[in-house]
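Undergrad: Next come the chains, spelled out residue by residue.
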Amino acid sequence: MKITKKRQIILALIIILVLSMVFSLGIGGGRFQISDLLSFLQPSSLLPTEKTILFEIRLPRLILSVLVGAALSLSGAVLQGLFQNPLVDPYVLGISSGGAVGAIVAILSGISLGFITLPLFSFLFALATTFLVLRLGQIGHKMPLEIMLLAGVAIGFFFSALISLGMFLAGENLHQMVFWIMGGFWNSSWNKVYTLLPFFLIGFPIIFSYSRELNTFLLGEKVAESMGVEVEKTKKILLIVTSLLVAASVSVSGVIGFVGLVVPHIIRIIIGEDHRQLLPASLFLGSSVLLWADIFSRTLLHPVELPVGVLTSLMGAPFFIYLLRRKKKGW
Amino acid sequence: MSFSLSVKNLFFSYGDRKVLHNVNFNIQKGDFVGILGPNGSGKSTLLHLLSGLLMPDTGSIFISGKNTQELSRKNWSQEIAIVFQETNLNLDLECYDVIMMGRFPHWRRWQKENQQDIDSVLNALQITNTQQFANRPFRELSGGEKQRVMIARALAQEPNILLLDEPTSHLDILHQLDIMRILFLLQKKDITILGVFHDINLVSQFCNQVMFLKKGVIVHRGLVGKSLHAPQVEELFDVEFLEEIHPYSLRPFFMPLGIVKKIESPSASIHLICGGGSGSNFMKEFLEAGFSVSVGIVNQFDSDQEMASKLGIPVMIEKPFSPISDDNFQKAINLAAQSDYIFIAPGYWGRGNLKNLDLAISLQERGKKIFFLQDSLDRNWDYTEGLAINKLNLLAQHHAEVFSSFTELIDRIKKDCLK
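Residue numbers (this note's numbering), protein chains in the order written: chain A, 1 to 331; chain B, 332 to 750.
Think of the hints as simulated: they come from the structure by calculation, not from any bench.
Predicted model, so just to flag it, every value in this text is computed and none were measured.
Think of the CB as a built atom: it goes at the ideal place given N, C-alpha and C, for glycine as much as any other residue.
Where hints are given, some of them may not hold.
[Stated by the list, open to error] With a Cα cut of at most 27 Å, we get these calculated DSS-like pairs of lysine-lysine: (1) A/Lys222 <-> B/Lys545; (2) A/Lys5 <-> B/Lys443; (3) B/Lys339 <-> B/Lys405; (4) B/Lys405 <-> A/Lys142; (5) B/Lys650 <-> B/Lys686; (6) B/Lys615 <-> B/Lys745; (7) B/Lys405 <-> A/Lys233; (8) B/Lys699 <-> B/Lys686; (9) B/Lys339 <-> B/Lys546; (10) B/Lys443 <-> A/Lys236; (11) B/Lys360 <-> A/Lys222; (12) B/Lys443 <-> A/Lys233; (13) A/Lys6 <-> B/Lys443; (14) B/Lys700 <-> B/Lys746; (15) B/Lys349 <-> A/Lys222; (16) B/Lys349 <-> B/Lys339; (17) A/Lys233 <-> B/Lys397; (18) B/Lys339 <-> B/Lys360; (19) A/Lys222 <-> B/Lys339; (20) B/Lys349 <-> A/Lys142; (21) B/Lys397 <-> A/Lys222; (22) B/Lys405 <-> A/Lys236; (23) B/Lys519 <-> B/Lys360; (24) A/Lys222 <-> B/Lys405; (25) B/Lys615 <-> B/Lys746; (26) A/Lys222 <-> B/Lys546.
[Stated by the list, open to error] Simulated DEER-style distance windows between Cβ atoms: (27) B/Gly346 <-> A/Gly220: 22 to 28 Å; (28) A/Pro205 <-> B/Asn340: 42 to 48 Å; (29) A/Ala12 <-> B/Arg467: 23 to 29 Å; (30) B/Phe342 <-> A/Gln84: 30 to 36 Å; (31) B/Trp441 <-> A/Pro198: 20 to 26 Å.
Please model the complete structure; the sequences and the hints are all you need to start from.
TA: Next comes the structure, spelled out in structure tokens:
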């Protein structure tokens, strides 16, 4: 595929994302509807309640879902490239279960530091888990990826047991826990956006700057190193940056599955394996997908709001199977 | 003067297993070195060390006079590129993009591809004759084509030294020659090449230097014309080789004889009476069974004589197309007397070689054990009106042992050896 065509596809994905964002502002409970969207261009004409709905509820939620979608898809694309394995998702290093354990600890212990309590605990636990897995997967100064994968899976199982134990002991807190684990954006706020944003602003450029290294990994680590890539350093940096991104995402939205697995697959089919286009395209499609998943979660059973994580898995799994069965080339 | 590549006191081991032991060599710019050696001799490890994929336990590597320990990973890759055996990669990328990846060591982070990068890739495409694949996905190519693209990718690094780890092992003969011709061409462009190969003849025809590696030690080095000969090759692989001259390249051409190299202490010695090609197969069989062999009397230019000489077997020779002289008869008795057993190969008997049976009779009189096969008594092979058969019968009457099959004979001798 010609490079110009790939750029057109990325541009199209950006346009779709922007349109989806505008559309999403007009959907939800409350007075402000799609037909009122135009008045958004003139904020002075809005009623105070409309302003609150728009700027304090819908906008931060919109931005969070876009950021989390971007982070999960981008991380998925990076990790699949790094591990040279199509079944890798952003949670491969045990991040999700670590985050969930953190959240459960926060809920059960009753510690309260304001709105930040839950995200902070889950973020710290997620990171601690990741570094534990990275440490376990390290042999000498090398990181053999297959050992890392196994370490991630093992730690994941261990923490899943802890989560079950936590739920067993939760009593009346069970509801809160389940909600957190299933993932969603119902408690979105500007504060969460502000805490999340720095990770993204720093993480995204770092990841993009490693597109070429990720391409060389396609030829195998040995060849990559012989071409001048500092393989171990690259692995370490990319694993740490994606872990920070995913831990931050998990801390604000809980565990949202399948986006980080499926989106890079779709992009790989459309645009190919070159990470210079694969990464940005995954990012933009991931944002749109999670944004739409959130829109559906709010509207499908209105006024009941579904957990986004449940929705993405319900839609993602069959779609993933469909992709696997029709795709014969590449992975 | 400074060498293109210089290795000093290189040692390397995987844990307790010593792989390379005190490796030293210098290579001039523009040399094409073929590295030969049995499996597990440390050839691949040496290439990994030279390209910086492994670090030596002790010792140093100098590239164009620069100590590699002071080179960054990228600088190292600007000097040395390596092509591996591969490649069953199923990349979806176009070959042009794969080759462009070779430019990696010349890029700074965020730097865009410039005209120099494009020129370099086009040049690599041209040298490797891969222009026609440039816009095709890598996975659609055949093994040989993929390997050419991988060489192009290595050339895009613009290295001074190109390493190849068994680049032709999985390829058919046409593609093997293709690759070797490309390398030969590169050598003319003053790129230093070191390649690990399994095919001695490819090395002999295309390389100008050889390096023999055995059990982690360089056992032999030098110019192909001077240093690549059967004795060294046999020593290296423990297999017997026949050395001929290749009719076009005039370089040595080696043919494995399918015989494990002569055993230091043979368990038994056998004198073979044969002629007209009747003995060639038995020479090989005896040698493989671990026995030493002598042959005679055969006429010069008889195929048995030629085979015995090629195998380095002591042989008593009579002049071409001549009956056996008394002088040679006596010499043959002296030669055969050193053996434990005498074996008469089944073959044709005529007036010319009938004396060989007298040889056997004389030896039997001296107490030598005589063996022959049942087949020898076939009257159709006797062109002496029964004289030969009579002599064979006479031998049998005096306790020569007659076997129905050759394996039976071998077993008999081996049983003797055990006593």
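Undergrad: Do A/Ala12 and B/Arg467 keep their Cβ atoms within the hinted range of 23 to 29 Å?
TA: Holds - the Cβ-Cβ distance for A/Ala12 and B/Arg467, about 26 Å, lies within 23 to 29 Å.
Undergrad: Would the hint linking B/Lys339 and B/Lys405 be met if the CA-CA limit is 27 Å?
TA: The hint holds at about 23 Å.
Undergrad: Hinted pair, alpha-carbon criterion (27 Å max): B/Lys349, A/Lys222. Please report holds or violated.
TA: The given pair, whose Cα atoms are some 22 Å apart, holds under the 27 Å limit.
Undergrad: Going straight from one Cα to the other, do A/Lys222 and B/Lys546 come out at no more than 27 Å?
TA: Holds: A/Lys222 and B/Lys546 sit about 24 Å apart, inside 27 Å.
Undergrad: Regarding A/Pro205 and B/Asn340, is the given constraint of 42 to 48 Å on their beta-carbon distance met?
TA: Given about 45 Å between the Cβ atoms, the range holds.
Undergrad: Could you grab the alpha-carbon distance between B/Lys349 and A/Lys142 and see if it respects the 27 Å cut-off?
TA: holds (21 Å)
Undergrad: B/Lys615 and B/Lys745: Cα distance at most 27 Å?
TA: holds (16 Å)
Undergrad: Just to be careful, I want the Cα atoms of A/Lys233 and B/Lys397 compared with a cutoff of 27 Å; is the pair within it?
TA: It holds: about 24 Å lies between the C-alpha atoms, which stays within 27 Å.
Undergrad: Given the hint of 30 to 36 Å, is the C-beta distance from B/Phe342 to A/Gln84 inside that range or not?
TA: For B/Phe342 and A/Gln84 the Cβ distance comes to about 33 Å; the hint holds.
Undergrad: Can you confirm whether the C-alpha distance between B/Lys339 and B/Lys360 stays at or below 27 Å?
TA: Roughly 17 Å between the alpha carbons, so the hint for B/Lys339 and B/Lys360 holds.
Undergrad: Measure nothing beyond the straight line between the CA atoms of B/Lys405 and A/Lys233; if it is 27 Å or shorter, mark the hint as holding.
TA: Distance of about 13 Å is within 27 Å: holds.
Undergrad: Need the status of pair B/Lys519, B/Lys360: alpha-carbon distance at most 27 Å?
TA: Given that 27 Å is the threshold and the Cα spacing comes to 11 Å, the pair holds.
Consistency note: the structure conflicts with none of the earlier hints.
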